[in-house]
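Student: Note that the protein sequences, when read in sequence, are chains A and B.
Numbering-wise, the numbering used here puts 92 at position 92 of the first sequence, and it's gapless, one number per residue.
Numbering-wise, the numbering used here puts 564 at position 564 of the second sequence, and it's gapless, one number per residue.
One or more of the hints may lead you astray.
Under 8 Å between C-beta atoms, here's a sample of chain B residues computed to sit facing chain A [said to hold, decoys possible]:
1) Leu250
2) His450
3) Lys477
Listed next, the in silico EDC-like pairs over lysine to aspartate or glutamate satisfying Cα-Cα at most 20 Å (straight line) [what the hints assert, rightly or not]:
4) A:Lys45 / B:Glu87
5) A:Lys72 / A:Glu36
6) B:Lys615 / B:Glu591
7) B:Lys203 / B:Asp230
8) A:Lys43 / B:Asp230
9) A:Lys45 / B:Glu226
10) B:Lys409 / B:Glu87
11) B:Lys409 / B:Glu460
12) B:Lys600 / B:Asp590
13) B:Lys206 / B:Glu87
14) A:Lys72 / A:Glu82
15) A:Lys43 / A:Glu26
16) A:Lys43 / A:Asp33
17) B:Lys477 / B:Glu591
18) A:Lys72 / B:Glu154
19) B:Lys206 / B:Glu154
20) B:Lys362 / B:Asp283
21) A:Lys72 / B:Glu416
22) A:Lys63 / A:Asp48
23) B:Lys472 / A:Asp74
24) A:Lys45 / B:Glu462
25) A:Lys43 / B:Glu154
26) B:Lys582 / B:Glu568
27) B:Lys132 / B:Glu154
28) B:Lys368 / B:Glu393
29) B:Lys132 / B:Glu144
30) B:Lys514 / A:Asp74
31) A:Lys72 / B:Glu56
32) A:Lys63 / A:Asp79
33) B:Lys362 / B:Asp378
34) A:Lys63 / B:Glu460
35) B:Lys22 / B:Glu144
36) B:Lys600 / B:Asp529
Restraint ranges, calculated between C-beta atoms of paired labels, are given here [claimed, not checked]:
37) A:Arg66 / B:Tyr225: 37 to 45 Å
38) A:Lys43 / B:Ala281: 30 to 38 Å
39) B:Glu583 / A:Lys63: 26 to 34 Å
40) A:Gly68 / B:Arg587: 19 to 27 Å
Don't read these hints as lab results, they were simulated from the structure.
Note that the coordinates shown come from a computational prediction; the quantities given were computed from them, not determined experimentally.
Just so you know, even glycine gets a beta-carbon here, dropped at the ideal spot from N, CA and C.
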Amino acid sequence: MAVTVRFVSVFRDLGVSRRLFVVEAETLEKTIDKLEVQIPGLKEKLVDSHGRLHPAYQVIHTKGNRQGLCSKLDCPIADGDEIVITPLISGG
Amino acid sequence: MYGFQGTMLIVDLTQGKVLTEKLDERFTRNHIGGVGFGIRLLYDRLEPGVDPLSPENMLVFASGPLSALGFMGSTGMSIVSKSPLTELIGDSDLRGSFGRDLKSCGYDALIVRGSAKSPVYLELTDRSVQIKDAGDLWGKTTAEVQSILSRRNEKGFRILSIGPAGEKLVKYACISGDVRFFAGRLGMGAVMGAKNLKAIVMKGEKETPIADPQAMKNLMKEIHYEVLHDGSCDTLSKYGTWNNTGPSNLKGTLPTKNFQRTTFDEIDQIDGDAMLSRISAGDRTCPGCPIGCRRVVKSEQPYRISPQYGGPQYETVAALGPTVLLGDAVAIAKANELCNLYGLDTISTGVTIAFAMECSEKGVLTDKDLGMHLKWGDPEGILQIIRMIAFREGAGDVLAEGVKRASEKIGRGSEEWAMHVKGLEIPMHDPRGKKGIALAYATAIKGADHESAMHDDVFERENALPELGYVKPMGRKEYQGKPLLVKKTQDLWGILSDALPICKFPMAPPRPLKPNRLVSALNFVTGWDVSLEEFLRVGERIFNLGRLFNVREGADRTLDMLPNRFSEPTPGGASTGETITKENLERMLDEYYDHRGWSKDGVPTEETLKRLELKAP
Chain A
1 MAVTVRFVSV FRDLGVSRRL FVVEAETLEK TIDKLEVQIP GLKEKLVDSH GRLHPAYQVI
61 HTKGNRQGLC SKLDCPIADG DEIVITPLIS GG
Chain B
1 MYGFQGTMLI VDLTQGKVLT EKLDERFTRN HIGGVGFGIR LLYDRLEPGV DPLSPENMLV
61 FASGPLSALG FMGSTGMSIV SKSPLTELIG DSDLRGSFGR DLKSCGYDAL IVRGSAKSPV
121 YLELTDRSVQ IKDAGDLWGK TTAEVQSILS RRNEKGFRIL SIGPAGEKLV KYACISGDVR
181 FFAGRLGMGA VMGAKNLKAI VMKGEKETPI ADPQAMKNLM KEIHYEVLHD GSCDTLSKYG
241 TWNNTGPSNL KGTLPTKNFQ RTTFDEIDQI DGDAMLSRIS AGDRTCPGCP IGCRRVVKSE
301 QPYRISPQYG GPQYETVAAL GPTVLLGDAV AIAKANELCN LYGLDTISTG VTIAFAMECS
361 EKGVLTDKDL GMHLKWGDPE GILQIIRMIA FREGAGDVLA EGVKRASEKI GRGSEEWAMH
421 VKGLEIPMHD PRGKKGIALA YATAIKGADH ESAMHDDVFE RENALPELGY VKPMGRKEYQ
481 GKPLLVKKTQ DLWGILSDAL PICKFPMAPP RPLKPNRLVS ALNFVTGWDV SLEEFLRVGE
541 RIFNLGRLFN VREGADRTLD MLPNRFSEPT PGGASTGETI TKENLERMLD EYYDHRGWSK
601 DGVPTEETLK RLELKAP
């Protein structure tokens with residue numbers, strides 16, 4: 001269940017820019033948990049105080065040639081999928 | 001009257017006269033300030049059909065009730081006039097402290113009318129208003145004017161100025177604020193140039209009374225705390241608006257090669273991380289704002305770029321980067337610096353250069369026509385054509401008219417490559433991947449404007465904006481529900497933010513400046529008891545007043561259109577295959593007009609006017 005994860009224009013202070021992460025996980029929540037080991041502090045930023053995906057970020061989920069959003073932590077992720085974490089675009 | 005000085009300054013440059021008028025509470029409550037004041041004043045006092053570059057046009061600089069506070073970008077102002085680019089209502093917001101400075105001189109708004117016989121500048125203080133000779137400033141860049149007037153005046157004067165582009169009446173010339181902030185869009189700098197007004201310097205110490213300062217202080221403290229601790233503004237603080245570049249490319253909404261594409265092969269050279277690594281020299285912020293989104297840039301090689309002139313924001317990076325196929329962060333920053341010094345709007349400049357490049361590529365403009373070889377992505381060519389536009393040299397003269405007029409003059413099918421709505425060049429969000437923004441571009445009173453309605457991306461999650469009824473997610477590529485969404489957020493985000501005024505960035509969900517808090521801030525400052533419903537109705541009133549102005553100038557449904565290019569499917573990226581066909585746009589317009597209470601032709605009905613306490617033209 002290898003999932004690749006990229007970060008675009010977020011968390012530069014955590015040293016994730018331009019790096020590709022590969023983790024084994026079945027859901028977004030587990031992906032974040034696995035990443036937290038490599039990127040300490042990530043979970044605190046990505047998950048809000050209510051235990052939900054922080055609304056300031058979007059998780060773009062690419063499955064084959066289809067792109068969608070993972071908006072909940074229990075979003076299922078499959079082997080070969082790609083996850084990209086970005087800030088929410090709000091114009092300007 | 002709390003929140004206001006209660007006085008408007010009128011300067012007639014033809015007669016060399018200065019007078020003041022009192023503002024009454026009915027006027028202020030019905031229009032709040034900023035863009036609301038500007039549109040109302042132009043609607044009431046400008047004859048239809050006036051040439052925007054004639055002495056008869058008016059240029060309104062208006063603050064709002066929040067301007068006197070150091071509160072999240074509230075110290076800015078709106079600059080409103082009949083636009084030389086669209087010949088319709090035009091406004092451009094100017095951040096920084098200029099709204100507060102105007103208030104400190106004792107005025108809520110400044111109207112400039114007429115035209116001076118020779119170049120002048122205005123000096124405003126809380127004791128006097130003087131029209132001064134600007135013969136020695138004419139021909140100078142914004143930076144040179146800044147330097148001269150800073151030396152001439154005591155410390156603390158704020159300086160608005162135009163560069164050579166404004167003097168040469170380039171239709172998209174901007175107004176500089178201390179050469180760090182810019183009222184970029186719609187040619188307000190050309191209107192200033194047509195009046196022979198090179199600069200305005202301001203300094204005053206008049207206090208604006210606040211009805212409940214303690215309540216306002218508590219609210220500001222609460223919001224500032226959330227900005228710093230709830231994570232909603234983190235990427236904006238760290239990356240500035242450069243945080244948009246990478247995600248926009250990823251979503252296939254990044255205008256590339258004059259909107260022929262929506263993804264850029266060299267994105268890694270210009271995205272937020274690249275800009276921070278290569279040219280960032282820190283950040284600046286507007287007074288009182290804890291976010292600090294304005295990036296400052298610096299470089300020595302291959303181009304020398306001074307941090308004194310700020311740095312390019314997202315719109316500029318995209319307009320002078322992917323739109324012209326330039327993937328060099330330093331060259332983009334240099335192009336931005338030239339635009340700032342010459343006084344050009346960076347969005348219109350980039351889109352106009354892209355238009356010229358497409359004309360060149362397709363053989364409609366030859367090297368001889370252009371006086372140069374202009375090819376996609378060539379930094380030297382881009383820097384050269386910027387100068388030619390600013391000074392109206394050679395082919396720069398026709399390009400200085402904007403893509404609409406330039407394409408009409410050039411002809412030979414080039415109209416199809418002129419990317420504009422109502423004459424205003426399209427900003428840096430390809431609308432095919434955002435159906436709400438497509439409708440917002442088509443219907444905004446000032447033409448294609450990226451800040452006229454909230455972006456579709458914001459509404460892709462639950463509970464995006466419950467105050468306006470948005471609790472269920474809406475896909476960015478979907479049509480359903482977008483007409484009402486655009487109508488509501490045009491009134492709130494597009495209009496009311498510029499009336500208060502307040503920066504739009506902290507208002508974008510999930511950031512903490514929510515509608516109810518804006519209403520509270522307004523009431524704490526003015527002592528009014530405005531409800532959210534009344535507040536939104538003011539936004540609707542101002543929007544409709546702008547529409548009435550345009551209708552009086554001859555605008556109708558036929559102008560609420562998008563370029564044909566958007567009916568072609570996007571060729572790649574995550575918005576592959578997306579279109580905005582004429583039929584789909586017409587369907588959205590029908591529904592949007594219904595929500596607005598407009599006729600099928602796009603004219604506010606009698607019933608709508610009555611509800612909003614407006615009169616037909």
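Student: All the hints need checking, so say for each whether the structure fits it.
Tutor: How the hints compare with the structure:
1. This hint holds: B:Leu250 has a C-beta 6 Å from the nearest C-beta of chain A, less than the 8 Å allowed.
2. Proximity of B:His450 to chain A holds as hinted, the smallest CB-CB distance being about 5 Å (cut-off 8 Å).
3. Restraint check, B:Lys477 versus chain A: the minimum CB separation of about 11 Å is more than 8 Å; hint violated.
4. Of the supplied pair hints, the one linking A:Lys45 and B:Glu87 is violated, its CA atoms being roughly 47 Å apart against a limit of 20 Å.
5. Taken as a hint, the A:Lys72 and A:Glu36 pair is honoured in the structure, with Cα atoms around 18 Å apart against an allowance of 20 Å.
6. For the suggested pair B:Lys615 and B:Glu591, the alpha carbons sit about 24 Å apart, so the restraint of at most 20 Å is broken.
7. Only pairs whose Cα atoms come within 20 Å are accepted, and B:Lys203 paired with B:Asp230 is rejected, the gap being roughly 36 Å.
8. A hinted pair counts as satisfied when its Cα atoms are at most 20 Å apart, and A:Lys43 with B:Asp230 qualifies at roughly 14 Å.
9. Pair hint A:Lys45 plus B:Glu226 holds up; C-alpha atoms about 14 Å apart against a cutoff of 20 Å.
10. Pair hint B:Lys409 plus B:Glu87 holds up; C-alpha atoms about 17 Å apart against a cutoff of 20 Å.
11. Straight-line distance between C-alpha atoms of B:Lys409 and B:Glu460 comes to about 42 Å, which puts the hinted pair past the 20 Å bound.
12. With a C-alpha separation of about 7 Å, the suggested pair B:Lys600 and B:Asp590 falls inside the 20 Å cut-off, and the hint holds.
13. Restraint check for B:Lys206 and B:Glu87: the C-alpha separation of about 36 Å exceeds 20 Å, so the hint is violated.
14. The straight-line distance between the Cα atoms of A:Lys72 and A:Glu82 is roughly 16 Å, inside the 20 Å bound, and the hint therefore holds.
15. The straight-line distance between the Cα atoms of A:Lys43 and A:Glu26 is roughly 17 Å, inside the 20 Å bound, and the hint therefore holds.
16. This hinted pair checks out: A:Lys43 and A:Asp33 have alpha carbons roughly 7 Å apart, not beyond 20 Å.
17. The hinted pair formed by B:Lys477 and B:Glu591 meets the criterion: a straight-line CA distance of about 17 Å does not exceed 20 Å.
18. The suggested pairing of A:Lys72 with B:Glu154 is violated, with an alpha-carbon distance near 57 Å, which exceeds 20 Å.
19. For a cut-off of 20 Å, the pair hint linking B:Lys206 to B:Glu154 stands: about 17 Å separates their Cα positions.
20. As the CA atoms of B:Lys362 and B:Asp283 are separated by approximately 41 Å, the hinted pair breaks the 20 Å bound.
21. For the suggested pair A:Lys72 and B:Glu416, the alpha carbons sit about 43 Å apart, so the restraint of at most 20 Å is broken.
22. For the proposed pair A:Lys63 and A:Asp48, the alpha carbon gap of about 26 Å is over 20 Å, so the pair is violated.
23. A C-alpha spacing of about 18 Å is found between B:Lys472 and A:Asp74, which places the hinted pair at or below 20 Å, so the restraint holds.
24. Note on A:Lys45 and B:Glu462: the hinted pairing holds, with a Cα-Cα distance of about 19 Å set against a maximum of 20 Å.
25. As the CA atoms of A:Lys43 and B:Glu154 are separated by approximately 51 Å, the hinted pair breaks the 20 Å bound.
26. With a C-alpha separation of about 11 Å, the suggested pairing of B:Lys582 with B:Glu568 holds against the 20 Å cut-off.
27. Restraint check for B:Lys132 and B:Glu154: satisfied, since their Cα atoms lie roughly 16 Å apart, inside the 20 Å limit.
28. For the hint pairing B:Lys368 with B:Glu393, the CA-to-CA distance comes to about 14 Å; that is within 20 Å, so the pair holds.
29. For the proposed pair B:Lys132 and B:Glu144, the alpha carbon gap of about 17 Å is at most 20 Å, so the pair holds.
30. For the hint pairing B:Lys514 with A:Asp74, the CA-to-CA distance comes to about 29 Å; that exceeds 20 Å, so the pair is violated.
31. Pair hint A:Lys72 plus B:Glu56 does not hold up; C-alpha atoms about 57 Å apart against a cutoff of 20 Å.
32. Taken as a hint, the A:Lys63 and A:Asp79 pair is honoured in the structure, with Cα atoms around 9 Å apart against an allowance of 20 Å.
33. A distance of roughly 17 Å separates the Cα atoms of B:Lys362 and B:Asp378; the hinted pair therefore holds under the 20 Å criterion.
34. For the proposed pair A:Lys63 and B:Glu460, the alpha carbon gap of about 19 Å is at most 20 Å, so the pair holds.
35. At roughly 36 Å between alpha-carbon atoms, B:Lys22 and B:Glu144 are farther apart than 20 Å, so this suggested pair is violated.
36. With a C-alpha separation of about 36 Å, the suggested pairing of B:Lys600 with B:Asp529 is violated against the 20 Å cut-off.
37. Look at A:Arg66 against B:Tyr225: about 41 Å separates their beta carbons, and that is inside 37 to 45 Å.
38. Taking the beta carbon of each, A:Lys43 and B:Ala281 are about 32 Å apart, inside 30 to 38 Å as hinted.
39. Distance hint check for B:Glu583 and A:Lys63: the Cβ-Cβ separation is about 31 Å, which falls inside the suggested range of 26 to 34 Å.
40. Between A:Gly68 and B:Arg587 the C-beta distance comes to about 25 Å, which sits within the given range of 19 to 27 Å.
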